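*Asks:* Residue numbers (our numbering), protein chains in the order written: chain A, 739 to 949; chain B, 739 to 949.
A few of these clues could be false.
When chains are identical, the list treats them as one kind, so a pair holds in a single copy or across two.
To be verified - Capping the alpha-carbon separation at 25 Å, the derived lysine-lysine pairs in DSS-like fashion look like this:
no.	residue 1	residue 2
1	Lys875	Lys802
2	Lys894	Lys875
3	Lys875	Lys943
4	Lys894	Lys943
5	Lys943	Lys931
Simulated from the structure, these hints should not be mistaken for laboratory data. This structure is a prediction, so every number in the text was calculated from the model and none was measured.
Number of protein chains: 2
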Amino acid sequence: MAHDIHRRGLMLVLSSPSGAGKTTLARQLLASDDNISMSVSLTTRAPRPGETSGVDYYFVDAQKFGEMRNANELLESAKVFDHYYGTPRAPVEEALANGRDVLFDIDWQGTQQLQEAAEDDLVRIFILPPSAAELEKRLLTRAQDSADVVARRMAKASDEISHYAEYDYVIVNEDANESSSIIGAILSAERQKRSRQTGLTDFVKRLRDSL
Amino acid sequence: MAHDIHRRGLMLVLSSPSGAGKTTLARQLLASDDNISMSVSLTTRAPRPGETSGVDYYFVDAQKFGEMRNANELLESAKVFDHYYGTPRAPVEEALANGRDVLFDIDWQGTQQLQEAAEDDLVRIFILPPSAAELEKRLLTRAQDSADVVARRMAKASDEISHYAEYDYVIVNEDANESSSIIGAILSAERQKRSRQTGLTDFVKRLRDSL
Numbered sequence: 739m740a741h742d743i744h745r746r747g748l749m750l751v752l753s754s755p756s757g758a759g760k761t762t763l764a765r766q767l768l769a770s771d772d773n774i775s776m777s778v779s780l781t782t783r784a785p786r787p788g789e790t791s792g793v794d795y796y797f798v799d800a801q802k803f804g805e806m807r808n809a810n811e812l813l814e815s816a817k818v819f820d821h822y823y824g825t826p827r828a829p830v831e832e833a834l835a836n837g838r839d840v841l842f843d844i845d846w847q848g849t850q851q852l853q854e855a856a857e858d859d860l861v862r863i864f865i866l867p868p869s870a871a872e873l874e875k876r877l878l879t880r881a882q883d884s885a886d887v888v889a890r891r892m893a894k895a896s897d898e899i900s901h902y903a904e905y906d907y908v909i910v911n912e913d914a915n916e917s918s919s920i921i922g923a924i925l926s927a928e929r930q931k932r933s934r935q936t937g938l939t940d941f942v943k944r945l946r947d948s949l
Numbered sequence: 739m740a741h742d743i744h745r746r747g748l749m750l751v752l753s754s755p756s757g758a759g760k761t762t763l764a765r766q767l768l769a770s771d772d773n774i775s776m777s778v779s780l781t782t783r784a785p786r787p788g789e790t791s792g793v794d795y796y797f798v799d800a801q802k803f804g805e806m807r808n809a810n811e812l813l814e815s816a817k818v819f820d821h822y823y824g825t826p827r828a829p830v831e832e833a834l835a836n837g838r839d840v841l842f843d844i845d846w847q848g849t850q851q852l853q854e855a856a857e858d859d860l861v862r863i864f865i866l867p868p869s870a871a872e873l874e875k876r877l878l879t880r881a882q883d884s885a886d887v888v889a890r891r892m893a894k895a896s897d898e899i900s901h902y903a904e905y906d907y908v909i910v911n912e913d914a915n916e917s918s919s920i921i922g923a924i925l926s927a928e929r930q931k932r933s934r935q936t937g938l939t940d941f942v943k944r945l946r947d948s949l
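Bound-form chain A, shown alone:
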């Protein structure tokens, strides 16, 4: 909007079982909207070739990770195999205060932690595949996944899906372009929520004073 009402940013969470199309939808959203950025996670695993700290991840050692977690400097964290992953609080807080939105590609467990840390700023979208057959087809056509990985992901999908009712919005991802435009609409609408427009009280006061 052209008027100057300050807005607090929001945290947009996309969750889904692997293969439901979430990564494509996140990429389309980031490409089409200048005011939202992907949250950069903190991890204790070593950088892979080509990965840049601060872009792909913030790379830290286990001691630093533990210190940050204990100091409540992480919005959520998880251990995956031998490594820790988490979301640093400071860059997210700074973005929100500046009216910028932050995108999270996390599972139901991370979402529950964000919910506890920052309920009012959270907008949770769950992406469902249109059918089990379609989910399997998408997993199989991913060149990088072995049949074994596909089987494990199908088994895990049911658990992830069981948490759909903890989300604000649910999209059945039949057509990626249609789903993208729905995600864009959700973002536009949520930005317009009265509760996020922190400058509204002053605006209305000035408006009423001049009437």
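Got chain A sorted already, so can you dock chain B onto it with the hints?
*Replies:* Then chain B, alone, in the frame of chain A:
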């Protein structure tokens, strides 16, 4: 969406001071979206030339109006000068059950009554003018309003605006096309709310059973 998940319709309320552009925005929304219709009010005033019962209003006598109100058959009602106006419950309930959305052009008092009657189905948008000067200009350029009417409407605007904080969304209507597209986005987003997708439980159960 192409899939067959049943959705309960929603009640979209547009409120604003007179002259903020609400009527234009309502008209644009009705023209651009096939799944939303204007709520038809009940009134005890006589039909004006060209008005059709069931289209412009449902015309009834005061006794019938009183009976319906006492039987809880109205979602909201008000007395304006010598006449009663109200929203019949049955056609709205039927539309919502069929997944159709209903648009209401009502003030803060009607909105409060709808809130009590049907909180979960309600989506409330408040339209603000960008400035007092712009509001006056818009009221003055309406051919049908005398200077006297304009002065009264400006005075009333301040009271109406004082209720903006009772609404879910607030739009400062600087540009009608931009505001229209925001209202369209709010409608798309709200339709995607998990809580409105009444067929989702069954869909997810079938999906998980087949995984």
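*Asks:* Run every hint past the structure and note whether it holds.
*Replies:* Here's how the hints hold up against the structure:
In the homo-oligomer, the alpha carbons of Lys875 and Lys802 never lie at most 25 Å apart, since the shortest distance is 41 Å inside one protomer and 61 Å across protomers. Taking the closest pair of Cα atoms, Lys894 and Lys875 come within 25 Å of each other only inside a single copy of the chain (16 Å); across copies the shortest separation is 61 Å, beyond that limit. For a Cα distance limit of 25 Å, the shortest separation of Lys875 from Lys943 across copies, 20 Å, qualifies, whereas the shortest one inside one copy, 56 Å, does not. In this assembly of identical chains, the alpha carbons of Lys894 and Lys943 lie at most 25 Å apart only when taken from different copies (15 Å versus 52 Å within one copy).
When the C-alpha separation of Lys943 and Lys931 is checked against a cutoff of 25 Å, the pair qualifies only within one copy, where the shortest distance is 18 Å, while the shortest distance between copies is 32 Å.
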